[in-house]
Amino acid sequence: MSLPLRPQPCLEVRQLSVSYDRRCVIDAVSTVMHRSRITAIVGPSGCGKSTFLSCLNRLSDLTPGCRLSGSIRLDGDDILSARTDLIRLRRRVGAIAQRPNPFPLSIRRNITMPLEHHGLRHRDRREAVLERVLRRVGLWREVRGRLDQPALALSGGQQQRLCLARALALEPEVLLLDEPCSALDPVASGVVEDLIASLRGATTQVIVTHNLAQARRLADDLIVFWTDEGRGTIVEQGPADAVFTSPQSAITAAYLSGSRG
Amino acid sequence: MDRRPWPDGLAAALAWGVAMGITAVFGLVLADLLRHGLPEISLGFLLEAPREAGRAGGIGPVIVSTLLILAVCLLTSLPIALATAVLLAEFSHGRSGFARLIRASLDGLAGVPSIVFGLFGNALFSLALGLGFSILSGGLTLACMVLPILIRSAEQALREVPSDYRRAAAALGISQAASLRQVLLPCAAPGLAIGVVLGIGRALAETAALLFTSGYVDRLPGSLLDSGRALSVHIYDLAMNVPGGEARAYATAVVLVVLLLVANALTLGIAELWRLDGGTSR
Ligand SMILES: Nc1ncnc2c1ncn2[C@@H]1O[C@H](COP(=O)(O)OP(=O)(O)OP(=O)(O)O)[C@@H](O)[C@H]1O
Ligand SMILES: [Mg+2]
Chain A
1 MSLPLRPQPC LEVRQLSVSY DRRCVIDAVS TVMHRSRITA IVGPSGCGKS TFLSCLNRLS
61 DLTPGCRLSG SIRLDGDDIL SARTDLIRLR RRVGAIAQRP NPFPLSIRRN ITMPLEHHGL
121 RHRDRREAVL ERVLRRVGLW REVRGRLDQP ALALSGGQQQ RLCLARALAL EPEVLLLDEP
181 CSALDPVASG VVEDLIASLR GATTQVIVTH NLAQARRLAD DLIVFWTDEG RGTIVEQGPA
241 DAVFTSPQSA ITAAYLSGSR G
Chain B
1001 MDRRPWPDGL AAALAWGVAM GITAVFGLVL ADLLRHGLPE ISLGFLLEAP REAGRAGGIG
1061 PVIVSTLLIL AVCLLTSLPI ALATAVLLAE FSHGRSGFAR LIRASLDGLA GVPSIVFGLF
1121 GNALFSLALG LGFSILSGGL TLACMVLPIL IRSAEQALRE VPSDYRRAAA ALGISQAASL
1181 RQVLLPCAAP GLAIGVVLGI GRALAETAAL LFTSGYVDRL PGSLLDSGRA LSVHIYDLAM
1241 NVPGGEARAY ATAVVLVVLL LVANALTLGI AELWRLDGGT SR
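Top line first, the protein sequences correspond to chains A and B.
Residues in the first sequence are numbered from 1 upward in steps of one, following this note's numbering.
Residues in the second sequence are numbered from 1001 upward in steps of one, following this note's numbering.
Misleading hints may appear alongside valid ones.
[Unchecked claim] Some residues of chain A that are not near chain B, with every Cβ distance over 10 Å (derived):
| id | residue |
| --- | --- |
| 1 | 61 |
| 2 | 118 |
| 3 | 125 |
| 4 | 157 |
| 5 | 167 |
| 6 | 249 |
[As the list claims (entries may be wrong)] Derived list of chain B stretches under chain A, where covered just means 3 residues or more per stretch with a C-beta under 8 Å from a C-beta of chain A:
| id | region |
| --- | --- |
| 7 | 1199-1211 |
| 8 | 1265-1274 |
FYI, nobody ran anything at the bench for these hints, they're computed from the structure.
What you are looking at is a predicted structure, and each value in this text was computed from that prediction instead of being measured.
We put the CB at the ideal spot given by N, CA and C, even for glycine.
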């Protein structure tokens, strides 16, 4: 896959601070995620990775008591402004939650219901998308015979891949993945990893992972979060190769070599 | 042998005793009803109009009036209750002063004795709005009476839907209205149904509030603006005012209980269909 020589910014975060009920959990972070590349976010538990991700599609709005300041620009427009059309934003920026959260509907409806909602009127076209995305996440052969069964009857790993398929069906420009493989066995994890790699060049992806080997395999850019007395900050960021081979800060060096965090 | 220490054994025995006692009382009431009431029930009793103040004839018009009053009550209270519950559970974050005010008034209303609702309904619907003694007045009064139960139980049912579903829907760019319709309400359907069952129970059992609003005319109502006698009012009248009416009062009570059970079964059935429908339709 050939990448554009000079990476173009897609999401630009400036001085973003987040607090829950006035408790600051992310403290003035600034970073850039580049178009069509894979940005991995790593860091110890509780340093605000999921919180950071939830700001990028304004899902943070749903958490009572969550306050944001700073700016996040998607293609130049500040998505934190009150005028942002949230439906359009979330259609452009898809997301996979840390815990699989399929709807308590059938497998089929999990994918066709959002499509219908976004105006795909033709039943045949919806069915075509259904098959295409289920194949992409390697679920088609497992569920083709029971598409009308409840999605909640699937295993955790299958549910997570269903959620991924559901997000892909809307063809988002940006995909936010919060530990997408943490509930998966090595085989399913490999399928998802290949899928993420195959979207490189087409979709801007931001992936949170605790798996450093996976970050090394997938990431074009790397962001290392750290927590300083409960306040999440970015200690290091840049092209993944550079950060992995010659980290600037001692914390990062220790964390990436596996001796801390 | 694992003999329990005596305080535990005593508590268990007490709990069992109380449970058995309650069941026994319920069984006795039911047996008593059936023993006195069943012999009086026939097709004629269900279809004919009452004669001789209810000592002869049947309860046909009374059943019709009861169903009409219940229909008016549910058709007006359900939409209002659902809308209010959605507002409280989905749009207010439960923290605003407005939501607190609504909740406080509802809890207040739930504790008001039904006779007060009767007087209120009489003053508002029968007199001020000019609906007189009518099915409409009675149904609307009952609607006011069951609203607090319906709203609080619907709010509870919505709150019990995991917030993961709300986040999943929002993350897919699905509007709040659509996510309510497609996911949250079907999910909450069993809980909503429990509220409706409680509401129907309260409405069908109500006598005091109806005496002043729908009245006690036992003819078949020609329209919603006619007075109509509800089953509970009929039972009250037979038992208190009509010498020799006891047997008929029992028979009417059996019909009331059967009606209640049928209404409950229907409600739960519809809710189950609704829940499943979210998953498979289209
Ligand atoms: N809804 C919430 N209300 C209050 N505090 C929260 C909420 N969600 C997260 N937090 C707090 O914010 C901080 C960051 O949490 P977050 O979930 O973003 O961490 P994380 O880096 O994703 O951790 P993990 O790797 O374990 O998933 C934590 O201290 C957490 O307790
Ligand atoms: Mg997390």
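- So which of those numbered hints doesn't the model satisfy? 1, 2, 5, 7 and 8
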